[in-house]
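Peer 1: Residues per chain are reported as follows:
2 protein chains.
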Amino acid sequence: MPLSPPAQPGQSFAEIETPALVLDLDAFERNLVAMAAFTQAHGIRLRPHAKSHKSPEIALRQIAHGAVGQCCQKVGEAEVLVAGGVGDVLVTNEIVGAAKLDRLARLARSAKIGLCVDHPDGVREAAEAAARNDVTLDVYVEIDVGGRRCGVAPGEGAVRLAEAIARSNTLRFAGIHAYHGSAQHMRSIDERREAIERAGFAARNTVERLSHAGLKCEVVTGAGTGTHELETQSGIWNEIQAGSYIFMDADYARNRQADGTPFRTFEHSLFVLAGVMSKPVPDRAIVDAGHKSAAVDSGMPVPFRREGVIYTKPSDEHGVLTGDPIAMPHRGDSLLLIPGHCDPTVNLHDWYVCVRGLHGPDAHVEALWPVAARGALI
Amino acid sequence: MPLSPPAQPGQSFAEIETPALVLDLDAFERNLVAMAAFTQAHGIRLRPHAKSHKSPEIALRQIAHGAVGQCCQKVGEAEVLVAGGVGDVLVTNEIVGAAKLDRLARLARSAKIGLCVDHPDGVREAAEAAARNDVTLDVYVEIDVGGRRCGVAPGEGAVRLAEAIARSNTLRFAGIHAYHGSAQHMRSIDERREAIERAGFAARNTVERLSHAGLKCEVVTGAGTGTHELETQSGIWNEIQAGSYIFMDADYARNRQADGTPFRTFEHSLFVLAGVMSKPVPDRAIVDAGHKSAAVDSGMPVPFRREGVIYTKPSDEHGVLTGDPIAMPHRGDSLLLIPGHCDPTVNLHDWYVCVRGLHGPDAHVEALWPVAARGALI
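These protein sequence lines map, in sequence, to chains F and V. Residue numbers for the first sequence, in UniProt numbering: 1 to 378. Residue numbers for the second sequence, in UniProt numbering: 1 to 378.
Treat the hints with care, as some may be off.
To be verified - Far from chain V by the CB rule (all over 12 Å, computed), these chain F residues:
#1 Ser-52
#2 Ala-127
#3 Ala-131
#4 Val-152
#5 Gln-184
#6 Arg-204
#7 Ser-234
#8 Gly-260
#9 Val-309
Stated by the list, open to error - Derived coverage of chain F by chain V (criterion: at least 3 residues anywhere in the stretch with Cβ under 8 Å from a Cβ of chain V; other residues may be distant):
#10 143-149
#11 353-359
What the hints contain is simulated information worked out from the structure, not anything from laboratory work. None of these values were measured; they are calculated from a predicted model. Where is the CB? At the ideal position from N, CA and C, for every residue including glycine.
Turn these sequences into a full structure, and let the hints guide you.
Peer 2: Structure representation (structure tokens):
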């Protein structure tokens with residue numbers, strides 16, 4: 001049986017059932033425009049990460065604002081994006097296993113599809129899948145630029161992989177994937193700058209060695225919302241993969257700019273709307289949003305415009321608000337929470353409740369967008 | 001478009017796509033039997049919590065082993081359970097708002113339905129919803145026995161609520177809900193015993209005051225997997241709500257019994273099967289299961305029977321294995337992870353891949369069970 005959605009288009013904001021994932025369409029659209037202005041001003045390609053939003057509705061709006069396509073992490077996400085009309089998808093990840101590679105290769109019949117490798121077996125397996133499905137795949141060599149996650153060491157190892165790709169009849173060497181995940185949430189601009197300078201050194205060195213080996217590195221792709229200005233300024237990367245910029249979250253809001261003020265290029269557009277189901281004492285209110293509504297891996301959700309109230313002690317379906325009794329909401333009230341981490345929070349919900357005029361008197365539900373690739377794990 | 005499931009019945013264990021939520025059917029069935037034996041030996045009612053499993057398939061097996069019905073936290077979960085054939089559901093939570101209460105009341109046309117209240121408005125609203133829908137609802141007064149979450153203070157406040165319930169023509173005063181959530185994960189038996197003794201004092205006091213007011217408290221319900229033996233031994237509770245016992249998780253495995261050894265009444269039956277997608281250096285392997293496959297709110301997933309290997313640094317779709325290079329899996333290998341916390345981990349997946357003979361040579365997929373109430377937030 002299908003689950004009830006938390007709202008219907010046309011309803012007023014007050015009619016939304018809680019908890020719900022609310023998208024402030026006005027702020028979201030301003031974030032789209034702000035990033036489009038940035039990429040146009042700097043002449044950099046934008047390939048936003050769909051792991052944040054998992055929604056063709058959002059992907060197509062990003063592309064309408066100049067994005068070249070989408071990134072994602074899973075074959076299942078790529079399937080949802082292509083089915084939703086996205087024509088250019090890069091899986092920024094190693095894909096292991098014939099079944100997944102066959103699924104990915106089949107997508108290449110109707111879209112431009114890329115993936116990453118960091119091992120010779122990955123090159124061979126991708127080539128075989130492309131051959132089996134009579135397609136060509138774009139392949140990027142992932143280099144470890146400091147994140148110590150996936151990726152071959154920069155330099156000669158990367159060149160050998162690129163040579164293997166270039167030798168294949170069914171693969172196209174498309175460039176290098178140089179993403180520094182752990183730099184995204186370094187709090188000071190100095191830390192982030194140092195991390196991206198080191199990453200840039202590794203990427204430039206690899207591009208030069210590729211060039212000496214006769215291999216043109218068409219695309220150097222990477223960067224997230226936290227560092228995208230640095231990669232852009234470096235002149236080394238020519239494609240950025242920021243995803244969270246459309247939403248922002250409480251953790252990104254803790255990043256600091258050069259002048260020490262909070263990172264504020266983008267606005268909070270994504271919220272979990274929570275309802276107060278109990279208020280046993282004046283300084284404690286219990287909301288209906290816990291671990292299954294808002295991810296806490298990067299810190300607690302933050303009540304929006306509720307000075308003096310903090311969200312704490314989440315359990316599966318409860319969150320505890322504590323703080324100033326004067327500011328504390330009452331039983332039956334709802335309040336907006338800024339998620340600690342947008343990506344895994346989105347993945348808990350089936351629907352974006354898209355609200356127009358969220359903070360005004362005429363706030364209403366303009367649309368429901370499905371989180372179409374929610375749970376696309378494989 | 002529907003997402004691809006990670007397996008099909010009849011496949012071998014090796015054919016399961018990763019990451020996947022794997023249920024060891026043999027261990028699961030032994031857990032069912034172990035709890036049934038406990039409840040029969042002690043003459044206590046078992047109403048297992050469906051917030052853990054979100055599956056009518058599992059609910060019906062629990063009921064076949066003697067459970068009186070199910071608990072859940074959300075109206076949407078109750079809808080899925082009733083649609084799946086469960087005839088007795090208690091929502092162990094305050095439900096606020098006419099729309100949700102109407103949905104709940106409608107279920108009472110075909111099942112026995114209960115809910116909790118901790119405020120006079122909750123009594124009134126539930127009575128109105130029951131009247132609108134021409135049904136009777138069982139109502140439990142939730143008392144705060146130490147968890148400092150929802151619940152009225154034990155004693156007179158609870159009596160006044162029970163009196164209000166009893167006065168209603170459409171509600172039935174069914175008992176008290178006395179659940180101490182934070183006691184479940186206290187590590188030593190002494191801590192848990194002290195917490196449940198205090199909770200029992202509060203529950204007994206409330207039952208006595210209800211009795212003085214002429215109100216029979218038919219059911220005292222509460223307890224989780226971590227403390228259910230204590231509530232049972234107390235003689236105060238006559239219904240226990242354990243949910244995690246069917247799965248166990250890494251956090252419950254950190255609880256200690258009286259002799260200091262790990263809590264071992266139940267076996268680990270629930271796993272996230274993860275695949276190694278990259279192994280850049282001998283002492284680091286990267287798996288395809290991160291925050292979107294395994295919840296980390298109660299600690300990291302623990303590799304199963306992989307001595308010397310730890311799971312660390314999860315990101316959205318990656319986890320990093322570090323440790324002993326000899327024990328480290330290779331690219332393309334898969335391994336079982338014991339989730340840190342079973343409930344929110346289950347909620348990330350669409351399917352239980354039910355495996356027979358999991359740890360033997362003939363391990364195979366016997367069934368796929370949908371996580372039918374996954375995402376049932378409202």
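Peer 1: So, for every hint listed, does it hold in this structure?
Peer 2: A quick look at each hint next to the structure:
1. Ser-52: violated, 9 Å
2. Ala-127: holds, 16 Å
3. Ala-131: holds, 19 Å
4. Val-152: violated, 7 Å
5. Gln-184: Answer for Gln-184 of chain F: violated, closest chain V Cβ roughly 10 Å.
6. Arg-204: Check passes; 20 Å lies beyond 12 Å.
7. Ser-234: holds, 23 Å
8. Gly-260: The assertion about Gly-260 of chain F holds, with a minimum of 27 Å to chain V.
9. Val-309: Nearest chain V Cβ is 16 Å from Val-309 of chain F, so the label holds.
10. 143-149: holds (count 3)
11. 353-359: Violated - the region 353-359 of chain F has 0 residues with a Cβ nearer than 8 Å to chain V, which falls short of three.
Hints 1, 4, 5, 11 from the earlier list are contradicted by this structure; the remaining hints agree with it.
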